[in-house]
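A.B. asks: Protein chains in written order, with this note's numbering: chain A, 1 to 273; chain B, 274 to 592.
Keep in mind the hints are simulated off the structure, nothing from the lab.
Careful: at least some of the hints might be erroneous.
[What the hints assert, rightly or not] Cβ pair distances, simulated, as ranges:
#1 ASP77/A - LYS487/B: 11 to 21 Å
#2 ASP201/A - LYS487/B: 45 to 55 Å
#3 PRO24/A - GLU381/B: 31 to 41 Å
[Stated by the list, open to error] In silico PhoX-like links for lysine-lysine, alpha-carbon gap of 25 Å or less:
#4 LYS487/B - LYS187/A
#5 LYS139/A - LYS115/A
#6 LYS587/B - LYS139/A
#7 LYS138/A - LYS487/B
#8 LYS121/A - LYS487/B
#9 LYS121/A - LYS586/B
[Unchecked claim] Listing some non-contacts, in silico: residues in chain A with all C-beta distances to chain B over 12 Å:
#10 ARG52
#11 SER61
#12 ASP80
#13 ASP94
#14 ARG108
#15 GLN114
#16 GLU157
#17 GLU214
#18 GLN229
The C-beta atom is built at its ideal place from N, Cα and C for all residues, glycine as well.
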Amino acid sequence: MAEPLLPKLTVAPPASPSATAPGPALIEINQLSLYYGAVRALKAISLPLQERVVTAFIGPSGCGKSTLLRCVNRMNDLIDSVRIEGGIRIGGHDIYHADVDVIELRKRVGMVFQKSNPFPKSIYENVAYGLRLHGTTKKSEVDAVVEQSLRSAALWEEVKDRQHSSALGLSGGQQQRLCIARAIAIKPEIILMDEPASALDPIATARIEDLILELKKDFTIVIVTHNMQQAARMSDFTAFFYLGELVEFDTTTKIFTNPAQKRTEDYVTGRFG
Amino acid sequence: MNEVRSQQPAGRSFRAEGFDYRSFFFSGLTGLATLLILAILGVILLNIVINGLPGLSWRFVSTIPKKDFFDLETTGVLPMIVGTTIRVLVMTIFVIPVGVITAIYLTEYAPNTSLVTRLLRAAVNNLAGVPSIVFGLFGLGFFINFIGKNLDALLHNPGPVWGQPAVLWASLTLAVMTLPVVIVATEESLKAIPTGLREASLALGATKLETIVKIVLPQALPGILTGGILAVSRAAGEVAPILFTGVAYYMASLPNKLTDQFMDLGYHVFVLSTQSPNIEQTRPLLYATVLVLLGLTFALNLVAIIIRARVRKKLRALN
Numbered sequence: 001m002a003e004p005l006l007p008k009l010t011v012a013p014p015a016s017p018s019a020t021a022p023g024p025a026l027i028e029i030n031q032l033s034l035y036y037g038a039v040r041a042l043k044a045i046s047l048p049l050q051e052r053v054v055t056a057f058i059g060p061s062g063c064g065k066s067t068l069l070r071c072v073n074r075m076n077d078l079i080d081s082v083r084i085e086g087g088i089r090i091g092g093h094d095i096y097h098a099d100v101d102v103i104e105l106r107k108r109v110g111m112v113f114q115k116s117n118p119f120p121k122s123i124y125e126n127v128a129y130g131l132r133l134h135g136t137t138k139k140s141e142v143d144a145v146v147e148q149s150l151r152s153a154a155l156w157e158e159v160k161d162r163q164h165s166s167a168l169g170l171s172g173g174q175q176q177r178l179c180i181a182r183a184i185a186i187k188p189e190i191i192l193m194d195e196p197a198s199a200l201d202p203i204a205t206a207r208i209e210d211l212i213l214e215l216k217k218d219f220t221i222v223i224v225t226h227n228m229q230q231a232a233r234m235s236d237f238t239a240f241f242y243l244g245e246l247v248e249f250d251t252t253t254k255i256f257t258n259p260a261q262k263r264t265e266d267y268v269t270g271r272f273g
Numbered sequence: 274m275n276e277v278r279s280q281q282p283a284g285r286s287f288r289a290e291g292f293d294y295r296s297f298f299f300s301g302l303t304g305l306a307t308l309l310i311l312a313i314l315g316v317i318l319l320n321i322v323i324n325g326l327p328g329l330s331w332r333f334v335s336t337i338p339k340k341d342f343f344d345l346e347t348t349g350v351l352p353m354i355v356g357t358t359i360r361v362l363v364m365t366i367f368v369i370p371v372g373v374i375t376a377i378y379l380t381e382y383a384p385n386t387s388l389v390t391r392l393l394r395a396a397v398n399n400l401a402g403v404p405s406i407v408f409g410l411f412g413l414g415f416f417i418n419f420i421g422k423n424l425d426a427l428l429h430n431p432g433p434v435w436g437q438p439a440v441l442w443a444s445l446t447l448a449v450m451t452l453p454v455v456i457v458a459t460e461e462s463l464k465a466i467p468t469g470l471r472e473a474s475l476a477l478g479a480t481k482l483e484t485i486v487k488i489v490l491p492q493a494l495p496g497i498l499t500g501g502i503l504a505v506s507r508a509a510g511e512v513a514p515i516l517f518t519g520v521a522y523y524m525a526s527l528p529n530k531l532t533d534q535f536m537d538l539g540y541h542v543f544v545l546s547t548q549s550p551n552i553e554q555t556r557p558l559l560y561a562t563v564l565v566l567l568g569l570t571f572a573l574n575l576v577a578i579i580i581r582a583r584v585r586k587k588l589r590a591l592n
């Protein structure tokens, strides 16, 4: 179907009462549209994301879920042709306002990427990188945070004796946990995860999932996933996207057992996508 | 489906249909071309080494010659070795920072599709195609007559200090000439750094500058040094750009400041082969001088190659 010339007023259904129950949302996405040049990749998305829960973004490839995720820490700023309408508020502050410091934003909103991307430095230096950037230079302090972060990322026991060897010598799963340790070392409030386990084997995936459930106590987590079971197992809320639109957003239980929309049901039951 | 399958012959063999003349001819052609280049290089090197070696001695490379330097028994090439070395080193000091910073601008900051960026890239590529004698004239016009003369006027120098040929101006002219080499090599190595690494750094709240300095440049260092090596190789043997900008026919002493003129191995080869009163008598001297020039170029390259090998080793320990 051709793209309508005039944007539709809204496509996002009102969130059900259960979705907003725990209190005011930490992240409020409000009528967000994103254009790559003339192509409208996200269509007026409105979505409240709660504090200290796991929210999963699901949907077929190209539906815009990763693009939306990258709007939350403004990683899309790096792409020249991107234009954004509408806004995102975190803790009430508009992160697209002209006087927002993107550096400060990214300190508070960490990110873990689909492809693990440790720096070609030692394990220790990978975790210490963010700390040093933001002014922690005292060795004892850095040491302590590195250990604590590696412990939180369930990696400490495996690497404590070789912290100063290259991070690139780790297995894929360990590298991804190192990237998580690196992200939490600078104590963000929110962690965005873009299909963090998609390149890992089932055992490494299970470890990452356990870790995410553990991290949920301290961090607000938004995770993009292609894996339905993963979304069902780990998340408290699920948003289903299709062709740049938010089709449905609700508690994960509701999305997977009794979705309001036919398209959601078809997708989560594997009938398309 | 089954029908199609059953139509295929059951016992088809994997034997070739016949001799593949085209592949044989083509691979032979590439081999011959390579052999030709090796042969040319071999003839040049052998010729120089065989004819130059007898004239080479410690006295030859450590003597400052008298004005009449056409006799192999008494002359030496120390000032030329010193002059060529200094001009290559000073050039390197200028060309690497400027080239690297330009490459960083072009790859990291300049909007890729804008007209200005495209013009800049075209300018860099065109710079590489300018004949070296034109660089020599440019150096004379810009560095000596414009910058040097104005500097003298500004400093109220009684006579020309900056506004005359000097090793500094020759080096700067060479730096301008080799700039494209460094820029292109650096750009290529910057582009080879995965986007994931940059994104990881930025997502941790690093600024673009911090990301470039701490993540991108260390990884790109071997590529940058390759650019340096290419620039040194190109510059060491060049004569045209220094012709009007600093080289001297004869100097009784070694240069001791950047505003001094200097003697140069490449230029000296030209002088020996065109100004000699007796060309037959000068020939052994000419060969020895060329051999020294080759050796010096090789040595300067070797230094850069050793530095690069060390950096690579350091990086490989982490990769």
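A.B. asks: It remains to establish, for every hint, whether it holds in the given structure.
C.D. replies: Status of each hint after checking the structure:
1. ASP77/A - LYS487/B: 11 to 21 Å: Holds, at about 20 Å.
2. ASP201/A - LYS487/B: 45 to 55 Å: Since the Cβ atoms of ASP201/A and LYS487/B sit about 32 Å apart, the hinted range of 45 to 55 Å is violated.
3. PRO24/A - GLU381/B: 31 to 41 Å: At roughly 40 Å between Cβ atoms, GLU381/B and PRO24/A fall inside 31 to 41 Å, so the hint holds.
4. LYS487/B - LYS187/A: holds (21 Å)
5. LYS139/A - LYS115/A: At roughly 30 Å apart (the allowed maximum being 25 Å), LYS115/A and LYS139/A break the hint.
6. LYS587/B - LYS139/A: Between LYS587/B and LYS139/A the Cα gap is close to 23 Å, so the pair holds against 25 Å.
7. LYS138/A - LYS487/B: holds (19 Å)
8. LYS121/A - LYS487/B: holds (11 Å)
9. LYS121/A - LYS586/B: At roughly 13 Å apart (the allowed maximum being 25 Å), LYS586/B and LYS121/A satisfy the hint.
10. ARG52: holds (21 Å)
11. SER61: Holds, since 19 Å exceeds 12 Å.
12. ASP80: violated (6 Å)
13. ASP94: Its Cβ never comes within 12 Å of chain B, the nearest being 19 Å, so this holds.
14. ARG108: Non-interface label fails for ARG108/A: nearest chain B Cβ at 9 Å, not farther than 12 Å.
15. GLN114: Non-interface label fails for GLN114/A: nearest chain B Cβ at 9 Å, not farther than 12 Å.
16. GLU157: Holds, since 23 Å exceeds 12 Å.
17. GLU214: holds (21 Å)
18. GLN229: holds (27 Å)
In this structure, the earlier hints numbered 2, 5, 12, 14 and 15 are contradicted, and the remaining ones agree with it.
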